[in-house]
Amino acid sequence: MLLSLAAFLFVRPIAPAEVEGMGIELRGEFMTVAYGGHKTPKVMFPLPRDYRGQVPLRFDLKVKPASALVSGRVVEGECGDRVAELLLKPMKDGAKVNVAWRSLVFADSGERERMKLP
Numbered sequence: 076m077l078l079s080l081a082a083f084l085f086v087r088p089i090a091p092a093e094v095e096g097m098g099i100e101l102r103g104e105f106m107t108v109a110y111g112g113h114k115t116p117k118v119m120f121p122l123p124r125d126y127r128g129q130v131p132l133r134f135d136l137k138v139k140p141a142s143a144l145v146s147g148r149v150v151e152g153e154c155g156d157r158v159a160e161l162l163l164k165p166m167k168d169g170a171k172v173n174v175a176w177r178s179l180v181f182a183d184s185g186e187r188e189r190m191k192l193p
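Counting from 76, one number per residue, gives the positions in the sequence shown under the numbering used here.
Hints in this document: simulated from the structure, not taken from any laboratory.
Where is the CB? At the ideal position from N, CA and C, for every residue including glycine.
The reader is advised that the hints may include incorrect statements.
Said to hold, decoys possible - DEER-style ranges, computed between Cβ atoms:
| hint | residue 1 | residue 2 | range |
| --- | --- | --- | --- |
| 1 | K171 | L122 | 40 to 46 Å |
| 2 | A141 | R189 | 34 to 40 Å |
| 3 | K117 | D183 | 34 to 40 Å |
| 4 | G185 | E153 | 15 to 21 Å |
| 5 | K167 | G147 | 30 to 36 Å |
| 6 | E188 | V108 | 26 to 32 Å |
| 7 | V149 | D183 | 37 to 43 Å |
| 8 | A175 | E95 | 28 to 34 Å |
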């Protein structure tokens with residue numbers, strides 16, 4: 076069994092000079108811990124998608140230690156949602172892997188008020 080714990084979420088508005096709207100940087104990190112040993116641990120993470128006036132521009136995932144990552148792929152669900160699927164090396168009981176993510180999203184001018192950002 077794997078247990079993933081959220082460590083933090085960071086939101087930072089980035090105001091472009093010549094565009095009506097803004098960029099928003101979202102970052103977070105979580106730790107995956109193995110209990111009872113795990114032969115083929117898999118971590119799935121939802122990818123951002125278009126929503127109202129928000130359009131994802133970039134998405135990055137980093138695994139630490141990097142040697143823990145065997146492979147990664149994007150899986151699309153029936154309703155169009157996409158999920159990053161990370162396959163990790165076998166983990167001993169209590170072993171930990173950190174996964175950090177970063178997303179850059181463009182939001183139109185109306186999103187600032189709807190999202191209650193400064």
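Quick rundown of the hints versus the structure:
1. K171 / L122: 40 to 46 Å: violated, 24 Å
2. A141 / R189: 34 to 40 Å: holds, 37 Å
3. K117 / D183: 34 to 40 Å: holds, 36 Å
4. G185 / E153: 15 to 21 Å: Violated, since G185 and E153 (Cβ atoms, about 30 Å apart) do not stay within the stated range.
5. K167 / G147: 30 to 36 Å: With Cβ atoms ~22 Å apart, the hint is violated.
6. E188 / V108: 26 to 32 Å: For V108 against E188, whose Cβ atoms are near 39 Å apart, the range 26 to 32 Å is violated.
7. V149 / D183: 37 to 43 Å: At roughly 26 Å between Cβ atoms, D183 and V149 fall outside 37 to 43 Å, so the hint is violated.
8. A175 / E95: 28 to 34 Å: holds, 31 Å
The structure does not agree with the numbered hints 1, 4, 5, 6, 7 stated previously, though it agrees with the rest.
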